[in-house]
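The listed protein sequences correspond, in order, to chains A and B. Converting from the first sequence to our numbering requires adding 107 to each position, the first position being numbered 1. Converting from the second sequence to our numbering requires adding 2 to each position, the first position being numbered 1.
Worth double-checking, as some hints may not be accurate.
Unchecked claim - Restraint ranges, calculated between C-beta atoms of paired labels, are given here: (1) B:Arg380 x A:Arg191: 38 to 46 Å; (2) A:Val165 x B:Tyr485: 19 to 27 Å; (3) B:Glu238 x A:Arg191: 36 to 44 Å; (4) B:Tyr485 x A:Leu187: 28 to 36 Å; (5) B:Ala352 x A:Arg191: 48 to 56 Å; (6) B:Val256 x A:Val178: 52 to 60 Å; (7) A:Ala155 x B:Asn321: 27 to 35 Å.
No lab work stands behind these hints: they were computed from the structure. Using N, Cα and C, we set each Cβ at its ideal position, and we do this for glycine too.
Residue-level listing of the chains:
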Amino acid sequence: MIKYLPTHEYINVVDNDTALVGVSAYAARQLGNVVYVEAPEADEEFSAGEAFGAIESVKAASDLFAPLDMVIIEANDQVLDNSRLINEDALANWIVKVKILDPSQLDSLMDQDTYDAHCAAEH
Amino acid sequence: MNRTFYSSLIMDLSRAGRRGYALDDHGFENDNSIPGHLLRDSAPILPQVDEPTLVRHYTNLSTNNFGVDTGFYPLGSCTMKYNPKINEEIASDRRIAALHPCQPAETVQGALRAYDRLQHLLSEIGGMTRFTLNPYAGAHGELTGLMIIHAYHDDHGDLKRTRVIVPDSAHGTNPASAAVAGYSIVEVKSRHDGTIDPEDLKSKLDDTIAAVMMTNPNTVGMFEKNIPEIARMAHEAGALMYYDGANLNPMLGVARPGDMGFDVMHINLHKTFSTPHGGGGPGAGPVGVRAGLEKYLPCPRVDFNTVSGMYEVVTDDKNSMGHISSWLGNYTVELKALAYILSLGGQGLAQAGPLAILNANYIKDSLSDLYLLPIEGRCKHEFVFDGLKDKSTGVTTLHVAKRLLDHGFHAPTIYFPLLFHESLMIEPTETESPETLDRFIAVMREIALEAANDPDKVKDAPLYTPVRHPDDTEAAVNPRLNYRSL
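Modelling step: build the complete structure from the supplied sequences, incorporating the hints.
Okay, structure coming up:
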């Protein structure tokens, strides 16, 4: 299951309480070539809506927001070392793997159709 | 026309023993007045070149550059107006250039008077009570202004105020300066036309807000019509209003931030007052305050002693926020701004804004059939296109900007403000002739047609510049900072 934030982060739930968090393909396209990604260390805890990292492209820099209450399991070192991977495949190249603290918060996030409509409305 | 990139270093041209002068040594060889332990053992490594080589080197280096003296420079938000040469003549006068900051005040009364005069003129122009000219740049002025605000709240025992409100359309320096001053940032969203929503602002104002930072006209070139209402709400909540003077130019001599309810402001002398932006500096970011805040201004400051009839440099004051610069700022930059104000006079200054607004609207209306105008209506000194109207060609704002270089224009500001995906921000200033504006419009139209008929050519631009396609991603990820590694 993949859900989205209005600020263009996705959360890809891989089992009951583990998920991969990154930025959407739409966001990667709008940002242009990503040059830098900042992510937290393992075991750091964030609440929904809190900034957990940052992403910087040749055009802009932006905070990354936690989709829900979460604990960092690990950051994706491959992406931190070569942030351009995000432009190649934003979904495969997640930024952090997290433990979900409250699965019920998933219900308030956007599903694919709602998110697509949200992106279309931005134009 | 293909130009080449001149890349020699002066040291590469050096040949042992080569000289560009022929002076005898006036007996210095046998001068024993300098103690032996202060003399160096070996000669310094200096370039040894003949005069023609030296002159050609620097002349060729200068051709790598593009400035307002080279051509049209419509860089939005930067007010790249022409820098009158009389300013340079005055600032480089021997009687100015030879001054030393440690000279006793009684020997530099004229220089201190010029500082005080500019301080008074900026206060009049900004509707403020007093200015410091000490900050070295706009962002330095922002930091100074926020530290004054900090000192004011501290002085009133109001220690809860730890946050500063900044609109999402603000220049990045605003939140950065507030953070450096120790504040956290609260963002207010812009409405569709880039102006602040007073209701959203109201919901964020409470007794933890130290200041509201605003730019007016804002960064999309629209005047904040609700400014008296916004100032009233901020003051009611106990916050101070900070005016970012980046866009003061269109209001020069017509409207004053002080009259709109702003308490603290900075001015970019290198924008509004025609001093050079030159090579990253030096600039100047004077800060003005309304009555009641003067005592927090930084030291040193210049006071006029009515008893002695002399100007004095006050280096310390217990109420002052402290020192933010050595001495009195970039003094020659201040003199250039003073020369500009005095040579234009009150009437001349009041014409700058309307002409800048006319030029911006002329370009906007001449191109809005081919470029997407996200905010309709009359703009102030600058405006934003959201890229080409026809998005089907794949030609982006970046490509248009690069193609402009082929035609001898500097690129506009691109991808700022972040309110739009393809921002192309144009500010012509008042100093451009109708012929220049028409030439720019013709080229912009030509690029739009080219994008439709031969998009690959535009995407491949620039075709004729000495440096063509730097890999900006690679440059950001793996910068090569050593000349030798290029």
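Legend entry - Violated constraints from the hint list, given by number and in increasing order: Numbers 3, 7, in rising order.
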